[in-house]
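Chain order of the listed sequences is P and A.
Going left to right, the first sequence walks through residues 1 to 308 as the working numbering numbers them.
Going left to right, the second sequence walks through residues 309 to 854 as the working numbering numbers them.
Some clues are possibly wrong.
[Unchecked claim] Facing chain P, according to a computed beta carbon distance under 7 angstroms, are these residues of chain A, among others: (1) ASN484; (2) HIS485; (3) ASP504; (4) THR507; (5) LEU508; (6) ARG517; (7) ALA578; (8) MET579; (9) ASN630; (10) TRP633; (11) PRO636; (12) GLU638; (13) MET666.
[What the hints assert, rightly or not] Footprint (simulated), chain A over chain P, 3 or more residues, beta carbon under 8 angstroms: (14) 68 to 74; (15) 100 to 113; (16) 138 to 150.
[Stated by the list, open to error] If you want a taste of the chain P side facing chain A, the calculated C-beta under 10 angstroms gives, among others: (17) ASN40; (18) ASP41; (19) GLU58; (20) GLY77; (21) LEU80; (22) ASP135.
If you are wondering where the hints come from, they were derived from the structure by calculation, not from laboratory data.
Note that CB positions come from ideal geometry on N, CA and C, so glycine has one too.
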Amino acid sequence: MSRLPLPVTVIGGYLGAGKTTLVNHLLRQAAGRRLAVLVNDFGALPIDAALIEGRDGEVLSLAGGCVCCSYGSDLVGALLDLPSRVLGIDHVLLETSGVALPGAVAATLSLLAGYRLDAVVVLADAETTATRATDLYMADTIVRQFAAADLVLLNKIDLASAAALDAARRTIAEAAPRARIVEVARSAAPIDVVLGMARAPAAPSVALSTPGHVDAATLYDWLRVEVPPGEDLAGLAERLVDPTLGILRAKGLLADRTGRPHALHIVGARWHLDDAPADARPGDLVAIGLRGRLDAAAVRRSLVKAST
Amino acid sequence: MTTTIYRARRILTMNPARPEATHVAVRDGRILGAGTAEELAGWGAATLDERFADKVLMPGLVEGHSHASEGTFWRYVYLGRFDRMDPEGKVWPGADSIDAVIAGMKRAEATLGGLDTPLTGWGLDPIYYGERRVTRRDFDAVSSARAIGVMHASGHILNVNSRALELAGLLRPGINHPGVPLGADGLPTGELKGPDAMTLVGHHVGFDREVLANDEPGLRRFARLCVRKGVTTATDLANLLPQDAVAMMLRVTGESTFPVRIVSLRRFQAMSPQEVVERAVELRRQSSDRLRLGAVKAFADGSIQGFSARLRWPGYYNGAPNGLWYTPPEVLREVYRHALEHDVLVHTHTNGDEATEMALDCLEAALKAAPSRDHRFTLQHCQLADAAQFRRMARLGMCVNLFPNHHFYWGDQHYATTVGPERAERMNACATALASGVPLAIHSDAPVTPLGPLFTAWCAVNRRTASGRTLGTHERISVADALRTITLGAAYTLKLDGEVGSIECGKRADFAVLNDDPLAIGAENLKDVGIWGTVQGGRVFAAGDA
Ligand SMILES: [Zn+2]
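This is chain P alone, in the form it adopts within the complex:
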């Protein structure tokens, strides 16, 4: 039995945009997911000391069965070596260097049979994005980074002036018209938004729905819909990525026309169909969006249109 390809989230963005903070934030929320983090270098110790359980050369073992390896200039080598190093990994976080083009990294993943690109997530520092985008040396690099994004996390909105934040929004909208933009502070985006839901489709993990969790409870919304079997799944996916629906993330276990179950992963404008796990019971789709933007009625309409 062939294993499903391992999902990889490429985390890009210029120096200081908050990539490392995001990685640590995700590790703290992992709650049973086993993440493998690949970082460009161990430079300024990318992982919070509290999460590190041990170090063996180029591999850090982390709390909860997660690991972190550095890949230097040999990303492909690191990805080829990964399965032999660690079993039971659910998801790979690939943190690129500040000058790397995440689109190129994503293309490289397509060459490796054991992996699939889940999403390109690019962080932007709200304080400096607009300035960087006109930098003598870095302007085109910054713009190309955004252009490859499925999801842009516009970070440090608590620190940026209103003018800087506004300029950053304009820069990103222009550079990344197809990306979904989520505004955050301290890189604190919910793991279900960044990596997708670990187990679906029941409900997103607690971080999204726990009362009192400021970022999650006030900023995000989710809904669960039933999808009858017999669906043209690709057609459905195409309709669900329509930006007016407001879906940031969705995951469905859905039966196709032959009744075979599939897992549908959606992040922004990108969708992917996998074989579903053997024990899956298809029929549900869970979608997450920004509160006030997620249009539940429109999502339901897109399903109805499908089944007629």
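Starting from the known structure of chain P, arrange chain A with the ligand on it as the hints suggest.
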């Protein structure tokens, strides 16, 4: 305490006070003096050694940018366009057509054993064979059952056969990657561009990462090649230098018959700026006479012919998008600052003129934070720098190591495609560097082009391209300047000019022993100077014995 006096036909000392001599006296591996027999007699009893009586001696040549992996590559089949000498002295003929390449591969394939052994080649350069690309079908004609991979001369492209693609899981439709071109059938053509695509297939065709990282036989073969080329000090410019590789290199270079001084720079990668400088200081303490450690190599951008170099406006002549940054300015500046504070030498790869400008900005800022009088930070390749940038280098106390060999092998491509005629003529501007007062070295970047400082000097003196065009007449330099550049010039960029690079009292007894006189043979023929061998630290190494 024995003293040996060598008599030679002519000794070119590179010491302006006495540029020529007939005798050189050697004691304890160092030079007592160069002059006449009478002048040297005052040093006391000595053995007169006449074996170089009909030879010309120069200071041992210094290769300021090479890689010891040249020795490793010779374990593979050479398939280049031009004749090339291996470490054992055998000259492998260049292939003048794709058919000749394939014929060479078939000959090599016939000598291989079981089909599990891949056929591995290097040096391929299809640009000389017209527009047609090499495909997996070409290599399938050599063998469809054995994995085959041939690295291009540039090191940026790998051509493989169908079997190799199959082993790597790439012989399938649906691939969408800029480094993996597809044929009309929707399958990869067999051309793999860039490190990611190359790495994925490389280990199926014999380019083993571990071997390339720590190769003892390769280091020995590299040293033999150095003897054949008159080189007594050679850089190994971008090594990660893990401790096991350092131990191996210390042991091998420490052997009494090891003929060359290796200067190995720690590649800046997978570390913070502070850490790489700390590591360099640690490595510096482990240096020996024949293994010099403690400098750092950083990368600002990629390559011009790979379109990954960073160019200033108006960019590439053929309209290709600008290249890639390998290190952001914030990080490079920190590397420089930490290095200046700890007297660690940094050499920086810049190819495009935008990368050069960025490195200059970074050093200027770092020097304000950590003033240093004699840092000798060196820009490597620096192929596209313009006159204003050379003037800035001079002000900032930088050195430059230019790449005239590249001009010969790829100058025609730069003229026609990458940067266009005007900028191609200013590439590798040796004359401007000297006129601007920038300390100059020139290099081969072996194995990218063949090791051989006298060939490199010929390239700088003539600026001839492979097609025979003289590209950038005004940037030619004199033979005398070129010879100084491949000795004292390169030594200066490594902070070794007090030890090597000229034949004068107190310096290491390092000589290139030549059959011909490079000052008499004529600028046109400089590359054909016969090389007998070397003397390194007073030890005699004949190329024929190597
Ligand atoms: Zn090099």
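These are the hints, each one checked on the structure:
Annotation: ASN484(A) was flagged as interfacial toward chain P, and the flag holds, the nearest CB pair being 6 angstroms apart, inside 7 angstroms. Evaluation of the HIS485(A) hint against chain P yields a held restraint, the C-beta minimum of about 5 angstroms falling below 7 angstroms. Interface restraint check: ASP504(A) against chain P, minimum CB-CB distance 4 angstroms, threshold 7 angstroms, status holds. With 7 angstroms as the threshold, the beta carbon of THR507(A) comes within range of chain P, its nearest partner Cβ sitting at about 4 angstroms, so the hint holds.
Interface restraint check: LEU508(A) against chain P, minimum CB-CB distance 5 angstroms, threshold 7 angstroms, status holds. A distance limit of 7 angstroms between C-beta atoms decides the matter here; for ARG517(A) the minimum to chain P is near 6 angstroms, and the interface restraint holds. For ALA578(A), the shortest C-beta to C-beta distance to chain P is roughly 4 angstroms, which falls under 7 angstroms, so the interface hint holds. The beta carbon of MET579(A) comes within 6 angstroms of a beta carbon in chain P, closer than 7 angstroms, and the hint placing it at the interface holds.
Look at ASN630(A): its Cβ gets to within about 6 angstroms of chain P, closer than 7 angstroms, so that hint holds up. Using the Cβ-Cβ criterion of 7 angstroms, the hint placing TRP633(A) at the interface with chain P is satisfied: the shortest such distance is roughly 4 angstroms. Against a cut-off of 7 angstroms between C-beta atoms, the interface hint on PRO636(A) holds, since the closest Cβ of chain P lies about 5 angstroms away. The interface hint given for GLU638(A) is met, as the beta carbon of that residue sits about 6 angstroms from the closest beta carbon of chain P, less than 7 angstroms.
Here the hint on MET666(A) is kept, as its CB sits about 5 angstroms from the closest CB of chain P, short of 7 angstroms. Against chain A, the region 68 to 74 of chain P contributes 5 residues with a C-beta closer than 8 angstroms to a partner C-beta. That satisfies the three-residue criterion, and the hint holds. By the rule of at least three residues with a Cβ nearer than 8 angstroms to a Cβ of chain A, the coverage given for the region 100 to 113 of chain P holds, with 8 such residues. With 3 residues having a beta carbon nearer than 8 angstroms to a beta carbon of chain A, the region 138 to 150 of chain P meets the requirement of three or more and the stated coverage holds.
Restraint check, ASN40(P) versus chain A: the minimum CB separation of about 7 angstroms is within 10 angstroms; hint holds. A cut of 10 angstroms between beta carbons decides the hint on ASP41(P): the least distance to chain A is about 4 angstroms, and the hint holds. A hinted interface residue such as GLU58(P) counts as satisfied when its beta carbon comes closer than 10 angstroms to some beta carbon of chain A; here the least separation is about 8 angstroms, so the hint holds. Annotation: GLY77(P) was flagged as interfacial toward chain A, and the flag holds, the nearest CB pair being 6 angstroms apart, inside 10 angstroms.
The criterion of a C-beta within 10 angstroms of any C-beta in chain A is met by LEU80(P), whose closest approach is roughly 7 angstroms, and the hint holds. For ASP135(P), the interface hint holds, since its Cβ comes within 10 angstroms of a Cβ in chain A; the closest pair sits about 9 angstroms apart.
Violation of the numbered hints given earlier is absent; every hint is satisfied by the structure.
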